Amino acid sequence: MPTPKALHQFLDHAAGTHPDHVAVEEPNKGKISYRNLAALSDRLRDRLYYLGVRPGDRVGIYLSKSIDAVAAIFGILKAGAAYVPVDPTAPVSRNAYILNNCSVRVAIMESRFEASFRAEIDLIGVMPSLLLLEGTGGGSPLQAALRREAESADTPGTEAKVGSLDDLAYILYTSGSTGRPKGVMLTHQNALSFVDWCSEVFEPHDRDRFSSHAPLHFDLSILDIFVSLKHGATLVLISANIGKEPSLLAPLISERRISIWYSSPSILGLLAEYGNLDRYDYSSLRMVLFAGEVFPVKHLRSFQSFLSKPRYFNLYGPTETNVCTYYEIPVPIPEERTEPFPIGKACSHLRTKVVNEEGKELLAGREGELCVCGPAVMKGYWNLPEQSDRAFLVDRHGERWYKTGDVVTEGPDGNYSYLGRRDRMVKKRGYRIELGEIEVALYRHPAVKEAAVIALSDSEGVRIRAFLSCRGDLRPSLIEIKRFCAENLPLYMVPDNFCFQGLLPRTSTDKIDYQRLKEIS
Amino acid sequence: MNVMEDIKQTVKAYILKEFLPGENPAELLDSTPLITGGILDSIATLKLVTFIEEKYGFTLQAHEVDVEHLNTISDISKLIQSKV
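Protein chains in written order, with numbering that gives the first Met the number 0: chain H, 0 to 520; chain Z, 0 to 83.
Be aware that a few hints might be false.
Below are the BS3-like pairs computed for lysine-lysine, each with C-alpha atoms no more than 30 Å apart in a straight line [stated by the list, open to error]:
1) H/LYS448 / H/LYS402
2) Z/LYS54 / H/LYS297
3) H/LYS378 / H/LYS352
4) H/LYS297 / Z/LYS77
5) H/LYS160 / H/LYS4
6) H/LYS402 / H/LYS308
7) H/LYS28 / Z/LYS16
8) H/LYS297 / Z/LYS46
9) Z/LYS11 / Z/LYS54
10) H/LYS308 / H/LYS30
11) H/LYS517 / Z/LYS46
12) H/LYS160 / H/LYS30
13) H/LYS402 / H/LYS359
14) Z/LYS11 / H/LYS28
15) H/LYS378 / H/LYS402
16) H/LYS448 / Z/LYS16
17) H/LYS517 / Z/LYS16
18) Z/LYS11 / Z/LYS77
19) H/LYS297 / H/LYS308
Across the chosen pairs, the derived CB separations fall in these ranges [claimed, not checked]:
20) H/ARG255 / Z/ALA25: 41 to 49 Å
21) Z/GLU26 / H/GLN514: 44 to 52 Å
22) Z/PRO24 / H/GLU356: 31 to 39 Å
No wet-lab data here; the hints were simulated from the structure. This structure is a prediction, so every number in the text was calculated from the model and none was measured. Ideal Cβ placement from N, Cα and C applies to all residues, glycine included.
Based on the sequences and whatever the hints tell you, model everything.
Dropping the structure here:
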């Protein structure tokens, strides 16, 4: 195909070359061909235009992962707008904050969220127009919603908008250290350069079947959706419930003949442990890609002992750049290997360097912060100019290098190894968590006087521990505080354990002594 | 003690020991939300399922391992009782 100028051109191109091929499959819910997905997204584009969406606007997606949601992504892009996906399992207050923060013109929403969403928005801002779906699954709820609305309005036939490569394609909100999620702004150019790199390395073709594990607000979904559709392949959506249940997932991957797998490592480890992998045929699987956190070698080796045929890739990169380095894992893993594999070398569309505290480039072998430059690097954070400025290092040629906050070292073979974070962000089961956001939530509990959250990691992965001191004798029960967290944070951010103390330890400058808390853990 | 009560006590004791160490047992009610209340995450749920399967000697069906069947001690006990 000619060099695309916008992400949605992948879909329209494939609809021309592979009209009857299945574009997206949703197990037990249905499937949709390229022709029909293109047509459905066209109709949504027209509907969004009627609702006032214009190029440069934002449109929210408050839907479970489904054919409806994938069609929504393309309909929004075709309208020239950026899509903003929120986590339908997260507290409504958090999602209302996100959609209000980037002032979406329209939110495409499952009607079960409408009442609580309206109540939350009333407290903080202006209600966007809603396009309500009676549910999700197979694309028919979206079709029904469009039919219903078409009765009350003439639909203008608009054209898919192709603006500048620099236009926003999507905004992904990640955990923010100040207690509020922040929106990472990514352009068509950002995503296109990443997708092209994937084509070069993984060589997908139209017989490939991709499994989509990541939720849509997670940057792993960009590879799933756009790489598979670019190549006329089939995307198989794995629902959140099945995705974390090894006994359901293991047979599904086999039955659906998945050939390219991309997920966070934790589910691969669980599959090896609980999935009875020896019962199933995985001969179609040719690529296993994982990203989002360190994959303990013990679990990776155990997974490979069941599946030795595929190639394995460790992909690394923050939402701000998507994948920026990669490393191919040997099969089998040498017996003497115990430490985690490197994150590898820079992808061909990006450049990387390691800098010290002053921003000066370091020689190989020295520990420093990994910085990334090139066409996949985000524009900045939505409406946060200062945080955006702080995220970049501008060199003397005026080039912007994104500072990942990750401390790495470059080995003699040119591969980077991940050593840790500069700040208080952790990855747990692939989710990016700012410990500060959890603390802010804990401080909202009326009994909490002081809150400090730390992350501990061992061979089982990362665990989050909260230390609390309470007012008087108001100490909440463990159950109560967990429930409070579950009401105010996504479930993956609820601390694994709590430790109540009379007073939290302080440093000589009267700050909470995190070092001491780690020592007593 | 009847069978149902016995099952409830077994499940409750396991949850307290594994996932709520130090909690006052009186705080954990048959109706306390476990999954939506942030007590059982996905890995904890898998551990609980493994415990139930080993203890009672049956296999839970895949569709039963969800928030609808496992969110409270009461739900879990009903599920177990329907199997034993």
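Pairwise hint evaluation, H/LYS30 against H/LYS308, where the allowed Cα distance is 30 Å at most
holds (28 Å)
Given the hint that H/LYS378 pairs with H/LYS352, does the C-alpha gap stay at or below 30 Å?
Holds. H/LYS378 to H/LYS352 sits at ~19 Å (cutoff 30 Å).
CA of H/LYS402 to CA of H/LYS359, is that 30 Å or under?
holds (12 Å)
Check the hint pairing H/LYS297 with Z/LYS77 against an upper bound of 30 Å on the C-alpha distance.
Roughly 37 Å between the alpha carbons, so the hint for H/LYS297 and Z/LYS77 is violated.
Does the structure keep H/LYS448 and Z/LYS16 at a Cα separation of 30 Å or less?
Given pair H/LYS448, Z/LYS16 holds - Cα atoms ~27 Å apart, limit 30 Å.
So if I understand the rule, the pair passes when the alpha-carbon distance is 30 Å or less; does H/LYS28 with Z/LYS16 pass?
violated (39 Å)
Mind checking the alpha carbons of Z/LYS11 and Z/LYS54 for me, to see if they're no more than 30 Å apart?
At roughly 14 Å apart (the allowed maximum being 30 Å), Z/LYS54 and Z/LYS11 satisfy the hint.
Consistency of beta-carbon spacing, Z/ALA25 to H/ARG255, with hint 41 to 49 Å
Holds, since H/ARG255 and Z/ALA25 (Cβ atoms, about 47 Å apart) stay within the stated range.
So if I understand the rule, the pair passes when the alpha-carbon distance is 30 Å or less; does H/LYS297 with H/LYS308 pass?
holds (18 Å)
Z/GLU26 versus H/GLN514 beta-carbon gap, inside 44 to 52 Å or not:
violated (32 Å)
For a C-alpha distance cap of 30 Å, please report whether Z/LYS54 and H/LYS297 respect it.
holds (28 Å)
Holds or violated: are the alpha carbons of H/LYS160 and H/LYS4 at most 30 Å from each other?
Holds, at about 10 Å.
Checked against the numbered hints listed earlier, the structure breaks hints 1, 4, 6, 7, 14, 21 and 22; every other hint is satisfied.
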